[in-house]
Amino acid sequence: DTGVSQNPRHKITKRGQNVTFRCDPISEHNRLYWYRQTLGQGPEFLTYFQNEAQLEKSRLLSDRFSAERPKGSFSTLEIQRTEQGDSAMYLCASSFLTGGGYTFGSGTRLTVV
Amino acid sequence: QKEVEQDPGPLSVPEGAIVSLNCTYSNSAFQYFMWYRQYSRKGPELLMYTYSSGNKEDGRFTAQVDKSSKYISLFIRDSQPSDSATYLCAMSAGLTGGGNKLTFGTGTQLKVEL
Numbered sequence: 002d003t004g005v006s007q008n009p010r011h012k013i014t015k016r017g018q019n020v021t022f023r024c025d026p027i028s029e030h031n032r033l034y035w036y037r038q039t040l041g042q043g044p045e046f047l048t049y050f051q052n053e054a055q056l057e058k059s060r061l062l063s064d065r066f067s068a069e070r071p072k073g074s075f076s077t078l079e080i081q082r083t084e085q086g087d088s089a090m091y092l093c094a095s096s097f098l099t100g101g102g103y104t105f106g107s108g109t110r111l112t113v114v
Numbered sequence: 002q003k004e005v006e007q008d009p010g011p012l013s014v015p016e017g018a019i020v021s022l023n024c025t026y027s028n029s030a031f032q033y034f035m036w037y038r039q040y041s042r043k044g045p046e047l048l049m050y051t052y053s054s055g056n057k058e059d060g061r062f063t064a065q066v067d068k069s070s071k072y073i074s075l076f077i078r079d080s081q082p083s084d085s086a087t088y089l090c091a092m093s094a095g096l097t098g099g100g101n102k103l104t105f106g107t108g109t110q111l112k113v114e115l
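Which chain is which? The protein sequence lines are A and B, in order. Numbering (this note's numbering) for the first sequence: 2 to 114. Numbering (this note's numbering) for the second sequence: 2 to 115.
Isolated chain A, as found in the complex (with noise of 0.2 angstroms):
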């Protein structure tokens, strides 16, 4: 396993524009998470999920914003009709269901044009 993986690692899109981004967490995390983090700041917590199941979703998260984890592994997130305002670093992370830090995988970037 080698760890957290992110695809795409960066996105051009257009305003208006839906993006589905896919995370691949490490088989054995029961954890999964999402946080979007913008130029200078830390990350932000979107929603996580325990196994498939999706147990909180931020207020950042508004309508346009939907995520997934079928069958408890890879997960999505999916963003509808894009504005400039989700330009942003797109993070997943995966932990043990015991808790311990998170690892992180590299991001997706998105550029909303």
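Just so you know, the hints here were simulated from the structure itself, not pulled from any lab data. Hints are supplied without guarantee of correctness; some may be wrong.
To be verified - Some chain B residues judged to face chain A by a derived CB distance under 8 angstroms, without partners named:
(1) 9
(2) 10
(3) 11
(4) 45
(5) 47
(6) 72
(7) 89
(8) 101
(9) 102
(10) 111
As the list claims (entries may be wrong) - Per the computed footprint, the stretches of chain A lying under chain B, defined by three or more beta-carbons under 8 angstroms from a beta-carbon of chain B, are:
(11) 38-51
(12) 74-86
Claimed, not checked - Here are the simulated distance ranges between beta carbons:
(13) B/29 - A/60: 18 to 24 angstroms
(14) B/16 - A/58: 42 to 48 angstroms
(15) B/57 - A/86: 36 to 42 angstroms
(16) A/8 - B/41: 18 to 24 angstroms
No residue lacks a Cβ here, since even glycine has one placed at the ideal position from N, Cα and C.
Start from chain A and add chain B according to the hints.
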């Protein structure tokens, strides 16, 4: 006021210097404290993980937590140019206090010069 405050820097030090990075926080429910290192255009990498108050040492890195003052620190000894990165503090209330959701500081940008 943010839950976690961190001086954004930038901080520039000569090679071999001792670096001190700090964060303060306001949420007394935080029990787990972490330091992450983030290189440009990469995801954060876990450096140190501590529970409650006390010190933890790992090689050139020492993490300190003072829950009574709501203050955490990371010390880097014998700093190297490869330590140049953004250092993020992060904390959580644990599994029963929010599902291990992390709250991050803004990050301190460190440059170690030859």
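Comparing the hints with the structure gives:
no., hint, result
1, 9, "holds, 7 angstroms"
2, 10, "violated, 11 angstroms"
3, 11, "violated, 11 angstroms"
4, 45, "holds, 5 angstroms"
5, 47, "holds, 4 angstroms"
6, 72, "violated, 17 angstroms"
7, 89, "holds, 5 angstroms"
8, 101, "holds, 5 angstroms"
9, 102, "holds, 5 angstroms"
10, 111, "violated, 14 angstroms"
11, 38-51, "holds (count 8)"
12, 74-86, "violated (count 0)"
13, B/29 - A/60: 18 to 24 angstroms, "holds, 22 angstroms"
14, B/16 - A/58: 42 to 48 angstroms, "holds, 45 angstroms"
15, B/57 - A/86: 36 to 42 angstroms, "holds, 39 angstroms"
16, A/8 - B/41: 18 to 24 angstroms, "holds, 20 angstroms"
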